[in-house]
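S.K.: Residue numbers (the numbering used here), protein chains in the order written: chain Y, 1 to 400; chain Z, 1 to 400.
If you are wondering where the hints come from, they were derived from the structure by calculation, not from laboratory data. Glycine included, every Cβ here is placed at the ideal spot set by N, Cα and C. Do not rely on the hints blindly, as some may be mistaken.
Label pairs and their calculated CB-CB ranges [as the list claims (entries may be wrong)]:
1. Z:P205 - Y:Q25: 57 to 63 Å
2. Z:D104 - Y:V289: 25 to 31 Å
3. Z:Q363 - Y:P138: 50 to 56 Å
4. Z:D377 - Y:A357: 45 to 51 Å
5. Z:A357 - Y:G352: 52 to 58 Å
6. Z:T7 - Y:P329: 53 to 59 Å
7. Y:V289 - Z:N153: 51 to 57 Å
Away from chain Z, derived, C-beta distances all over 10 Å, residues of chain Y [stated by the list, open to error]:
8. T7
9. G10
10. N49
11. R50
12. G66
13. A78
14. D104
15. D139
16. E250
17. S302
18. K303
19. I323
20. A326
21. R364
22. G376
Just a few of them, taken from the derived set where beta-carbon distance is under 7 Å, the chain Z residues facing chain Y [unchecked claim]:
23. M122
24. D223
25. I316
There are 2 protein chains.
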Amino acid sequence: MPRQVKTPTGVPGFRFAGVACGIKQSGRKDLALIASEGPAAAAAVFTKNRVKSPSVTAGARHVRSGRLQAVVVNSGNANACTGPGGLRDAEAMCAETARHLGIDAGQVLPSSTGIIGVRLPMDKINRGIAAAAAALAPDALQDAAQAIMTTDNGPKIAAATCRVGGRTVHIAGIAKGAGMIAPNMATMLCYVLTDAAVAPAALRPMVRRATDATFHAITVDGDTSTNDTVLCLANGVAGNSRITRGGEGEDVLEREITRVMKELALKIVADGEGTTKLVEVRVDGARSVAEARKVAFTVANSKLVKTAFFGQDPNIGRFMMAIGNAGVPVVEEAIDVALGRVKVVRRGLAVGTRESAAVKVMQRPSFTVHISLGMGDASTSVWTSDLGHEYVRINSDYRT
Amino acid sequence: MPRQVKTPTGVPGFRFAGVACGIKQSGRKDLALIASEGPAAAAAVFTKNRVKSPSVTAGARHVRSGRLQAVVVNSGNANACTGPGGLRDAEAMCAETARHLGIDAGQVLPSSTGIIGVRLPMDKINRGIAAAAAALAPDALQDAAQAIMTTDNGPKIAAATCRVGGRTVHIAGIAKGAGMIAPNMATMLCYVLTDAAVAPAALRPMVRRATDATFHAITVDGDTSTNDTVLCLANGVAGNSRITRGGEGEDVLEREITRVMKELALKIVADGEGTTKLVEVRVDGARSVAEARKVAFTVANSKLVKTAFFGQDPNIGRFMMAIGNAGVPVVEEAIDVALGRVKVVRRGLAVGTRESAAVKVMQRPSFTVHISLGMGDASTSVWTSDLGHEYVRINSDYRT
């Protein structure tokens, strides 16, 4: 967990705003702005879904230079399945933001989240950008965190500090998402901001690895949205000597960025609508990390395993079935499974005597399923939630 | 649909029995026997799950010769995750059946379905085999269909007849399964019996293709059990000249076997616990059948799509998101989606004006989602169910 436990209000050299511009019928905040005082090193990871929001297309184009100075996010409308008009809208959001900040439109990354298949209401968005630009403040991180929310139960913020080359470096992140729960208002968005000085060429692999270890290791329903974005901006205000690829400070900064992203990622799993459990599925003894991930995700995504989590049912059939379904040549006789510290499968056979101990583990709000494949040395963890009545209610009834 | 609508009671040259031997605490029938009057050509398809029941291992070994004379099935215990002892139990079931019928143990295929991780109660099973052998009757197909049930709401039987070389050939099948719904009592089993004379070398590819087009094209929850088995026995009593590979009668017999299997497969989807919808996901315009299947199954297995079916919600976001997630390089601008005959996506853009017509389609108990990828000529269909409150209730509460 991050060392800085108090919720941060900002990061040196960044200003924030979150306003309501009328996209959400509820009148809640729906437009966020983040601006750096100067150009910042930038690295991003976007959705792998083949159906992408034009906002993602525009953002990917702008971040390619490795430098950005602002982020503009609207919630309530995903600008997805909106065609060439949607791409024009995304670029217009950037141009309007740039105009207010006196920067180039290519320095702005746009994000959208919300309903799919409907064009953005550009009048409202332009008014929102003007209001947000006027409201920008160094201590308004929380406002921005609120303005990117859709179905989230609350804003998600995490932070850390570390020492790099004798300077204190600040890192803070905001995120939204409750898994790909309600695609009408879906998407996972995360913005991590730091005052570290770091070369874009060093930041890029850092952000990719941190994303793989965190946001790419969580699953609520196995689906990926059209708009998922993880962005990191590093504005260099801390004054450390610039971190280069393989150079001093790279490890410590990556560790802290990963720490912040992991806290945000677990907040997303725990915030899955109807979620009552946060479960780590740990696989070791695999021949490769890729095979460990396959097994972990097959178990973590199985509807039958997830309903068993909800039902607090330690029956081994569901775990063994899911492990066998992963497309990995596992050897049944080599498999061990434990719930917390309670072994329930040993060498492929049920350990029948300790079921009440296993039930007790599953009654906890958070526990680990530990799967040992006995085939090699590779391991991984993924985090998932349970599948309960509330999930179905929210996902089937939300239009009515 | 099969031409013969009346539920059949048997197939010439086969005898059937279904008895209660006490594996199920409810006292319901739990042991089925099917016996041919002579050796029959045999072909089977088994689960691809790496964690297999020893009953499957034994059955796969016995069917390799292409000749079988009997099937013994117990329900209530899956004989899975039972190790070497479980394999001895499966072989002992075959030996005991063979002893009563006066045939070789290698002529018997054993199947098991039910709770995982518990050894078979062999005393009860041996008594059940004796009782079933004594009860064998040519018109007791329904008894066998009942004895293989676990969570099924009722027995599943389908039948067809056709003309081969001037002779009338009979085909009947029984199946159990409500999707891989409750692994404690899970598995899909299907036995298709025909009096056609057919060479094992012709029967094998026929059964494989028919299974691909039917049982391999349904999904309730995307999981595959440890015991899934499809077996076809052809005893030749019809007296047609033996059908050989590529020879006369092959096409018509395969068509009718496929017809029977499809009826049984759709009965399994419709019987999914908590299921209120039977939905065909049809994909065309794909570059290959493999890619069409990937897209169809990604849509058909998406928890978000399935809850939308339950909620009768034609919002296109869920369909487009799932299509984009299939790992197929689809082109968003080329995608059309229709619900029944109501187009909801045209060239990647929402067709916003006919939503009430789309809702009406989804209110039906059965409808088609038609996805056109616009990339090629390949197409496929898969069948799925919705994901509703009852699914979660049954799969989380069934132990309590």
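S.K.: Next, verify each hint and record whether it holds.
M.R.: Outcome of the hint check:
A beta carbon spacing of about 58 Å between Z:P205 and Y:Q25 agrees with the range 57 to 63 Å that was offered as a hint. The hint said 25 to 31 Å for the Cβ distance between Z:D104 and Y:V289, and at roughly 48 Å that hint is violated. About 53 Å separates the C-beta atoms of Z:Q363 and Y:P138, a value consistent with the hinted range of 50 to 56 Å. Look at Z:D377 against Y:A357: about 57 Å separates their beta carbons, and that is not inside 45 to 51 Å.
Between Z:A357 and Y:G352, the C-beta spacing of about 55 Å keeps the proposed range 52 to 58 Å intact. The given range of 53 to 59 Å is broken by Z:T7 and Y:P329, whose C-beta atoms sit roughly 43 Å from each other. Between Y:V289 and Z:N153 the C-beta distance comes to about 43 Å, which lies outside the given range of 51 to 57 Å. Chain Z leaves Y:T7 outside its interface by the beta-carbon criterion, the shortest separation being 31 Å against a cut-off of 10 Å.
Listed as a non-interface residue, Y:G10 keeps its Cβ farther than 10 Å from every Cβ of chain Z; the least gap is roughly 34 Å. Distance check for Y:N49 against chain Z: the nearest CB is about 4 Å away, which does not clear 10 Å, and the non-interface claim fails. Not every beta carbon of chain Z lies more than 10 Å from that of Y:R50, the smallest distance being close to 4 Å; the non-interface claim is violated. Distance check for Y:G66 against chain Z: the nearest CB is about 27 Å away, which clears 10 Å, and the non-interface claim stands.
Its closest Cβ contact with chain Z, about 7 Å, brings Y:A78 to no more than 10 Å, contrary to its assignment away from the interface. Taking the minimum C-beta to C-beta distance to chain Z, about 28 Å, the non-interface status of Y:D104 holds against the 10 Å cut. Against chain Z, the non-interface label of Y:D139 holds: every CB pair exceeds 10 Å, the least being about 36 Å. No beta-carbon of chain Z is positioned within 10 Å of the beta-carbon of Y:E250; the least distance is around 33 Å.
Distance check for Y:S302 against chain Z: the nearest CB is about 6 Å away, which does not clear 10 Å, and the non-interface claim fails. For Y:K303, the shortest C-beta to C-beta distance to chain Z comes to about 4 Å, within the 10 Å cut-off, and the non-interface label is violated. Taking the minimum C-beta to C-beta distance to chain Z, about 6 Å, the non-interface status of Y:I323 is violated against the 10 Å cut. Not every CB of chain Z is more than 10 Å from the CB of Y:A326 (nearest about 8 Å), against its label as outside the interface.
For Y:R364, the requirement that its beta carbon stay farther than 10 Å from each beta carbon of chain Z is met, with the minimum near 16 Å. Non-interface status of Y:G376 relative to chain Z is upheld: no Cβ of that chain comes within 10 Å, the nearest being about 16 Å off. Interface restraint check for Z:M122: the shortest CB-CB distance to chain Y comes to about 17 Å, outside 7 Å, so the restraint is violated. Hint status for Z:D223 relative to chain Y: holds, with the closest Cβ pair at about 6 Å, below 7 Å.
Among the interface hints, the one on Z:I316 holds; its C-beta lies about 5 Å from the nearest C-beta in chain Y, closer than the 7 Å criterion.
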